[in-house]
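Here's the letter readout for the chains.
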Amino acid sequence: KNQVEQSPQSLIILEGKNCTLQCNYTVSPFSNLRWYKQDTGRGPVSLTIMTFSENTKSNGRYTATLDADTKQSSLHITASQLSDSASYICVVSLDYGQNFVFGPGTRLSVLP
Amino acid sequence: EAGVAQSPRYKIIEKRQSVAFWCNPISGHATLYWYQQILGQGPKLLIQFQNNGVVDDSQLPKDRFSAERLKGVDSTLKIQPAKLEDSAVYLCASSSPFDISHNDEQFFGPGTRLTVL
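Listed in order, the protein sequences are those of chains A and B. For the first sequence, my numbering assigns the number 204 to the last residue and increments by one with no breaks. For the second sequence, my numbering assigns the number 111 to the last residue and increments by one with no breaks.
Same shape as in the complex, but just chain B (with noise of 0.2 Å):
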């Protein structure tokens, strides 16, 4: 089956722009996530969807951060205006509560790197 899609891969911008990241989740998942993680430390949940309703944002910096999953497919994560200490790999998962053979794990997405100067 096709895996968790991110793009991005790797962004660089100034401090102060805006920036957007994409993430398509695989087919028939119903949960999505979205990850921040600083060099050298574990993943850190941003915000949580099921279908496309928000289950968990409360470390979503929501002054400067924001998501959405419209259709309950596809997601954007955009961060206006960001920061130095924005500078982290973006991890995008999906999973499925039905899927018996998994239990919940997450699939990950490759990550997006994003350098902010």
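Excised from the complex, chain A in its bound form (with noise of 0.2 Å):
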């Protein structure tokens, strides 16, 4: 079956502090994986996409990995900001813009 799992289900940091999300994915054939964000209230926007062969992407203080192998994604924020406070999906594409599989999403909470 194909899923998406994401942890830890909810995170609170403090405001300059790092943090990294988790995704693993049961999913062939695998095209693709995006991470997203998603402000309260709002449709989720794309942060990254990586391929098969791409192993890491950054975005402005936005990171993410992929091993391919393990079938594993990570996302790594930097130095947060109160603005970062979202809900983070990762999207795995099975195959070109047909089928995608959404994870639960994590709860970032970034105090001051």
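Just so you know, the hints here were simulated from the structure itself, not pulled from any lab data. Hints are supplied without guarantee of correctness; some may be wrong.
Unchecked claim - Calculated lysine-lysine pairs in the BS3-like style (CA-CA distance at most 25 Å, straight line):
(1) B:K5 / B:K77
(2) B:K38 / A:K163
(3) A:K93 / B:K5
(4) B:K77 / B:K56
(5) B:K38 / A:K93
Got two chains here, each in a separate frame; can you build the complex from them with the hints?
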């Protein structure tokens, strides 16, 4: 069964600290993996995308990694800001633009 | 470019009533998705359209949910009759397989928050 799991379910950190979110998937065939950020009351917005051959991708203070052998991905946030408070959703695409498997998300709260 | 538009943003109804949501995708996007997102969970695909044809509606509760995209642009999602467990945010997203710069990125609208009392 195609599944995406994320951990932790929720996380609270202080402003300025770093954190890492995890994503494990059992999806086949694999096309790409995206991390989305979803602010409260808004739709998800793509942060990064990685294909099978890519093992790291950065977008500002966000760095995603992918280990296709172990089927694991992580999203590292550096020097967190209050605006990073959101849900982060890992999404794996089975084939180009036709099938997506969403993880349950990690709820991040950044406190001053 | 203009994003995905959805309306209404909020809706409160009583159980057994009917409700309809509207979505206007990004211009030129052939693929349109409707998702149900229950509080604290990731989005769950309800239905996917390619132009005006249905690609996947395997998780749509067809006894009460219906969706259409008659002209291959705007789409409506209807619930009739609503149940308490339908309380959720309904997200619309669109994508274009021909937009190489964005791969298969889905662009999401702000969602409609439905509360069923």
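Structure-based check of each hint:
For the proposed pair B:K5 and B:K77, the alpha carbon gap of about 14 Å is at most 25 Å, so the pair holds. Under the criterion of a C-alpha separation no larger than 25 Å, the hint pairing B:K38 with A:K163 is consistent with the structure, at around 22 Å. For the proposed pair A:K93 and B:K5, the alpha carbon gap of about 35 Å is over 25 Å, so the pair is violated. At roughly 14 Å between alpha-carbon atoms, B:K77 and B:K56 fall within 25 Å of each other, so this suggested pair holds.
With a CA separation close to 15 Å, the supplied pair B:K38 and A:K93 stays within the 25 Å bound.
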